[in-house]
Structures are given as C-alpha cells and as structure tokens.
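Could you build the full structure based on these sequences and the hints that come with them?
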Amino acid sequence: MTPVLSLRNIHKTFGGITAIEDFSLDLHAGEVVALVGDNGAGKSTLIKIISGVHPPTSGEILLDGEPASIPDASIARERGIEVVYQDLALADQQPVYMNLFLGREPVKGPLRLLDRRRMIAETESLIKELDVRIPSVRATIRDLSGGQRQGVAIARATHWATKLVLLDEPTAALGVAETARVEATITALKARNLAILIISHSLDQVFRLSDRICVLRRGQQIGVRDTAQTDKNEVIAMITGLT
Amino acid sequence: MTAALPNRAVLQGLIVYAGFVLIFVFFSVMLWDRGFLTTTNLSNIVLQTAPATIMAFGLVFVLSAGEIDLSFGAIVALAAIVAATVMREYHWSIGLAAGIGTGALAGAVNGAIVAWARLPSFLVTLATMGIVAGLAREISNLQSIPVTQSTFIAIFGGGRLFGIPSLVLWTLAALVIGHIAYRETRFGAHVRAVGDNPRAALVSGIRVTRIRLAVLTLSGACAGFAGILYAGRVQSARYTLGESDLMTVIAAVIVGGTLLTGGRGSIPGALVGSLMMGMLSNGLILMGLSVSWQMMIKGLIVLVAVAVSLREPAR
Chain A
76 MTPVLSLRNI HKTFGGITAI EDFSLDLHAG EVVALVGDNG AGKSTLIKII SGVHPPTSGE
136 ILLDGEPASI PDASIARERG IEVVYQDLAL ADQQPVYMNL FLGREPVKGP LRLLDRRRMI
196 AETESLIKEL DVRIPSVRAT IRDLSGGQRQ GVAIARATHW ATKLVLLDEP TAALGVAETA
256 RVEATITALK ARNLAILIIS HSLDQVFRLS DRICVLRRGQ QIGVRDTAQT DKNEVIAMIT
316 GLT
Chain B
12 MTAALPNRAV LQGLIVYAGF VLIFVFFSVM LWDRGFLTTT NLSNIVLQTA PATIMAFGLV
72 FVLSAGEIDL SFGAIVALAA IVAATVMREY HWSIGLAAGI GTGALAGAVN GAIVAWARLP
132 SFLVTLATMG IVAGLAREIS NLQSIPVTQS TFIAIFGGGR LFGIPSLVLW TLAALVIGHI
192 AYRETRFGAH VRAVGDNPRA ALVSGIRVTR IRLAVLTLSG ACAGFAGILY AGRVQSARYT
252 LGESDLMTVI AAVIVGGTLL TGGRGSIPGA LVGSLMMGML SNGLILMGLS VSWQMMIKGL
312 IVLVAVAVSL REPAR
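Protein sequences appear in the order of chains A and B.
According to this note's numbering, the first sequence is numbered sequentially starting from 76.
According to this note's numbering, the second sequence is numbered sequentially starting from 12.
Since the hints were made in silico from the structure, they are not lab data.
For every residue, glycine included, the Cβ atom is placed at its ideal position computed from N, Cα and C.
Please note that the accuracy of each hint is not assured.
Per label pair, the in silico range of CB-to-CB distance [what the hints assert, rightly or not]:
| id | chain 1 | residue 1 | chain 2 | residue 2 | range |
| --- | --- | --- | --- | --- | --- |
| 1 | B | Ala123 | A | Arg293 | 56 to 62 Å |
| 2 | A | Leu137 | B | Thr272 | 42 to 48 Å |
| 3 | B | Ile175 | A | Arg179 | 40 to 46 Å |
| 4 | B | Ala165 | A | Ser149 | 48 to 54 Å |
| 5 | A | Arg187 | B | Ala108 | 21 to 27 Å |
Under the rule of at most 25 Å between Cα atoms (straight-line distance), these lysine to any residue pairs were calculated in the SDA-like manner [unchecked claim]:
| id | chain 1 | residue 1 | chain 2 | residue 2 |
| --- | --- | --- | --- | --- |
| 6 | A | Lys183 | B | Ile191 |
| 7 | A | Lys123 | B | Pro209 |
| 8 | A | Lys183 | B | His102 |
| 9 | A | Lys183 | B | Ile188 |
| 10 | A | Lys183 | B | Ile164 |
| 11 | A | Lys238 | B | Val214 |
| 12 | A | Lys183 | B | Pro279 |
| 13 | A | Lys183 | B | Val302 |
| 14 | A | Lys183 | B | Arg194 |
| 15 | A | Lys183 | B | Gly112 |
| 16 | A | Lys238 | B | Leu213 |
| 17 | A | Lys183 | B | Met298 |
| 18 | A | Lys123 | B | Val219 |
| 19 | A | Lys183 | B | Leu186 |
| 20 | A | Lys183 | B | Gly216 |
| 21 | A | Lys238 | A | Gly250 |
| 22 | A | Lys183 | B | Ile175 |
| 23 | A | Lys183 | B | Phe198 |
| 24 | A | Lys123 | B | Val214 |
| 25 | A | Lys238 | B | Phe198 |
Below, a sample of chain A positions facing chain B; criterion: calculated Cβ distance under 7 Å [as the list claims (entries may be wrong)]:
| id | residue |
| --- | --- |
| 26 | Leu137 |
| 27 | Asp167 |
| 28 | Gln168 |
| 29 | Gly178 |
| 30 | Pro181 |
| 31 | Thr318 |
The structure is reproduced here in structure tokens:
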C-alpha cells in the first residue's frame with residue numbers, strides 16, 4: 076500500500092543550526108504514529124515542515140507516492156493536511172459552527188450569503204460522529220471547557236483533512252476525564268481512514284493511542300518501533316540516550 | 012451549562028435597547044411641555060444623527076477587526092470640502108464621487124500603514140486625524156464653501172421620496188446593506204475572525220492584511236459619505252463638520268454592543284446607539300443644558316459603556 080505521506084532524508088537548518096537531520100518516515104492511512112522526544116528534539120519543527128510553515132532545507136516529501144512541495148500552509152490544506160495547534164487557533168467569540176468553517180465558509184445564492192443552515196447541519200453530524208460532547212453547535216467557543224474546545228479543534232481538522240491530521244500536544248492542558256474524551260475522539264478518527272501524526276509528552280497516552288512510535292533526539296531520528304513490540308523502558312532509553 | 016442561559020454578550024447587546032427606551036421615557040416625562048414628543052422634534056433627531064450613524068456603521072467593522080479609527084471625524088470635513096469644491100465646477104455626481112473617494116483614499120492610507128507596517132491603528136489614525144484636519148483647513152482657507160446644486164441638496168439633504176425624508180432613506184439603506192455585509196457574508200465573518208484571533212484567522216487561510224486594509228478603507232468611505240450628507244443638509248462645507256462626532260460615534264458603537272477588543276459587533280445596535288446619543292443631545296438642549304454639560308454627560312456615558320463592554324465577569 077502506498078503511504079499517504081513519505082518523508083525521505085529531510086534536513087532542516089535554521090541559519091547554520093541543524094534542527095532536523097536526515098529524517099525519514101512513512102505514514103499510512105488509518106494509522107496513528109506518535110512522535111516523541113525531549114524538548115527541543117525537533118518535533119514541532121517536523122510538524123511545521125509537513126504543514127508548509129517551514130519548508131525543509133533538503134530532502135523529499137511524497138504525497139500518495141508523488142513528489143510534492145508544500146511551500147506554504149494553504150497548499151498543505153489544499154492537499155488534505157490539517158493541523159491541530161497547541162494553542163487551538165479557535166476564534167473565541169464565534170459559535171462552534173463558524174469555527175468549523177473558519178476561512179472556508181460555504182455561501183449560497185447570487186448575493187453569496189453565508190449558508191448557515193448547511194454549516195450548522197454539517198457541524199452537528201460531525202460532532203455526533205466523533206462524539207464530541209458540547210451543549211450546542213451554536214454555543215460560543217468561550218463558553219466551552221478546555222476539553223470541548225480541543226474536541227472542536229480536532230473536529231475541524233477532521234472535517235477538512237483528506238489525508239493527514241497532525242496533532243501537536245492535543246491534551247497538554249486537559250484534566251484526566253477530558254483527556255480520555257479527546258483520546259476517544261482521536262481513536263474515532265482512525266475509522267475515517269486518515270493518517271494521524273501525534274506529538275505527546277505522555278508516554279501512557281502514546282502507548283494507548285499509537286500504532287508506531289518514532290523517537291527524535293536533538294534533531295536526529297533515533298528509531299521507529301511498533302507500539303505492540305516495544306515497552307516504555309525502551310522508548311525512554313531512546314528519548315534520553317541513556318541505557 | 013452556561014450556554015443554556017442567555018450569554019453575557021447577548022445581554023450586552025440588549026443593553027442599548029433598554030437604555031434607549033429608558034432615556035426616551037425620561038425625556039418624554041421631563042420634557043412633556045417642551046416639545047420633545049412632537050413628530051417634528053423626533054424626526055429632527057433622526058435627520059441630525061444620519062451622518063453619525065453612517066460613521067458608526069463603518070466603525071463597527073473597524074472595531075470588530077480589532078482595530079480603531081480616530082480619524083473619521085476629520086475625514087468628514089475634508090470629504091465635504093472636496094465635494095463642495097468640485098461641485099462649483101462640475102456636475103454634482105462628480106462631487107459625490109470625489110467626496111466619497113477622498114474618504115476612501117484617506118481610509119486606505121490608514122489601512123495600508125496599519126496592515127503592512129503593522130503600526131497600531133490607534134497611533135496611525137491619531138496622526139492622520141491631525142494631517143487630514145490640517146488639510147481640510149488649508150484647502151478651504153478656513154472658509155465655508157456653499158453647496159448650491161439643488162438636485163444634490165434634495166438627494167442628500169432636505170428632499171423626500173414618497174413623503175420619507177431622504178436622510179431617513181439613506182440611513183435605512185445603510186442599515187440593511189451594512190447589516191447583511193456584517194452578519195451574512197464571508198467578508199463580515201472574516202472581519203470578526205481577524206479581530207477575535209488574528210493567528211487563528213491566518214492559519215485558516217483568511218487574508219488578514221487585506222481585511223485590515225479593507226475595514227479602515229470602508230470606515231474612510233463611510234466618513235466620506237457622512238460628509239456628503241452633512242454638505243447636503245447644511246448646504247455648505249466647513250472644516251468644523253464632523254469634528255465633534257468622534258466621541259459620539261465611538262460611544263454609539265460601544266453602547267450598541269460592539270466589543271472594543273474585536274470579534275463581535277452589531278450594526279442595528281450601532282443605529283440604536285447613535286439614535287440614543289442624538290436623543291440625548293436633543294433632550295439636554297431642550298432641558299436648557301449648555302454644550303459644555305452635554306460634552307461632560309456624553310463623556311460619562313462613554314466611560315460607563317466602556318466599563319460594561321470590557322469588564323470580564325467573575326468566573
């Protein structure tokens with residue numbers, strides 16, 4: 076099966092400082108890959124390379140087996156790659172359904188007026204499918220809890236992604252119960268046959284969610300393991316470099 | 012669940028209507044023998060507030076995008092003077108285009124500096140306010156420029172259509188167009204998104220720079236049109252036009268439920284806010300209060316409105 080995304084020998088330097096050194100990874104549809112590593116290991120840089128924020132210095136990106144360049148974030152979106160940012164990127168004063176369609180609002184009629192009915196209906200069915208528990212799709216984001224907001228952000232990424240969803244620390248700011256809900260939402264994404272790349276500091280979470288684990292240390296790719304065939308001790312040793 | 016209750020922003024949006032009714036009842040009782048409730052007086056209030064209402068509509072877009080415009084009052088005078096000067100030589104339609112064009116151009120300059128240089132709009136428009144006010148004085152030589160073209164005066168001043176004063180019709184047209192553009196178009200949605208969370212707007216593919224340029228240009232064009240309405244109503248243009256409107260219009264917009272911090276606003280609220288400020292001026296005059304007192308009372312209202320608009324509820 077052709078991988079949805081292939082990264083081949085990716086290098087990234089920022090003004091002479093190497094952020095990513097020779098990184099290669101294949102992501103397949105319906106699989107969750109966790110990207111782990113200490114602070115400054117290059118995880119966020121890698122997400123930015125894939126989402127078009129910082130194009131790589133050298134190396135190849137393939138989408139569905141075809142060489143692709145992702146020069147900016149809007150190209151990434153057009154190619155079906157969506158990111159859930161650490162700070163969520165939601166507009167707090169707007170209702171849930173407007174956030175779901177932020178920047179991509181459907182219009183109708185000769186006056187090109189907002190098609191609110193369609194936005195509300197599509198948001199409702201998506202929220203139901205992913206089981207994101209919010210009081211109403213008309214609720215304003217600022218009235219939602221942290222977990223509900225994260226649910227909305229993930230639902231938005233899911234709605235627009237056709238290939239790949241990148242999740243940057245999706246549960247970093249959440250309590251235990253809310254983390255469990257968001258993890259349930261992420262598991263529901265697999266059923267949509269998307270590839271998912273998740274950054275997380277919680278190894279427990281990584282072992283609960285992922286199919287494979289990719290370890291970075293100071294910009295170097297230490298290795299990739301099948302989650303079922305490794306354990307925490309091995310992953311921790313890979314992250315820290317201590318045995 | 013908080014969402015089951017009417018939320019705070021909705022309540023804030025309703026304050027203006029309550030305030031309007033309250034002030035109306037207050038003056039109706041206090042001034043029952045001094046002609047406040049006559050049709051002539053009430054329709055005068057609407058006619059007098061028409062230019063301020065148009066400016067308020069422009070400002071709703073600016074504030075919603077997270078910016079501010081302090082220069083629109085000065086732009087009113089410049090636009091009126093340019094229109095009146097052009098109309099001495101040319102057809103009134105060219106004067107109209109010149110007036111609105113002047114406003115839009117001044118607004119575009121604000122917008123270009125704010126959008127591309129990323130200087131704070133507060134300081135940029137404070138500076139252009141001075142420049143534009145000076146320019147209006149310079150080109151008019153501190154003189155009044157008479158407007159004599161009768162068609163222009165009928166359309167933008169004292170005329171009527173089906174018995175309805177033209178200034179009322181302009182206000183209604185601006186209300187409908189402004190409200191639809193603000194609430195029901197992608198442009199309006201993007202304006203609110205930019206004011207709400209510029210980073211979210213940017214990563215969602217909204218052209219943030221273009222929105223900032225557009226709202227300030229729109230505010231300038233609205234000020235230009237307000238200048239046209241002033242020129243039509245008083246049949247002359249002078250550098251003093253619009254100079255006292257800055258505080259009134261900001262007050263009208265904030266009282267009308269538009270957040271100073273961006274992301275949320277209301278065009279109908281701005282209309283009611285503007286009518287409320289006009290009614291307040293009118294009532295205070297009828298009560299015999301001097302201009303100095305009116306200024307102080309309006310200032311107090313801005314203070315209260317800002318306090319209500321910006322204070323976060325205790326969570």
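### Query
Are there hints from earlier that the structure breaks, and if so, what are their numbers?
1, 8, 10, 13, 15, 17, 21, 22, 25, 26, 30, 31
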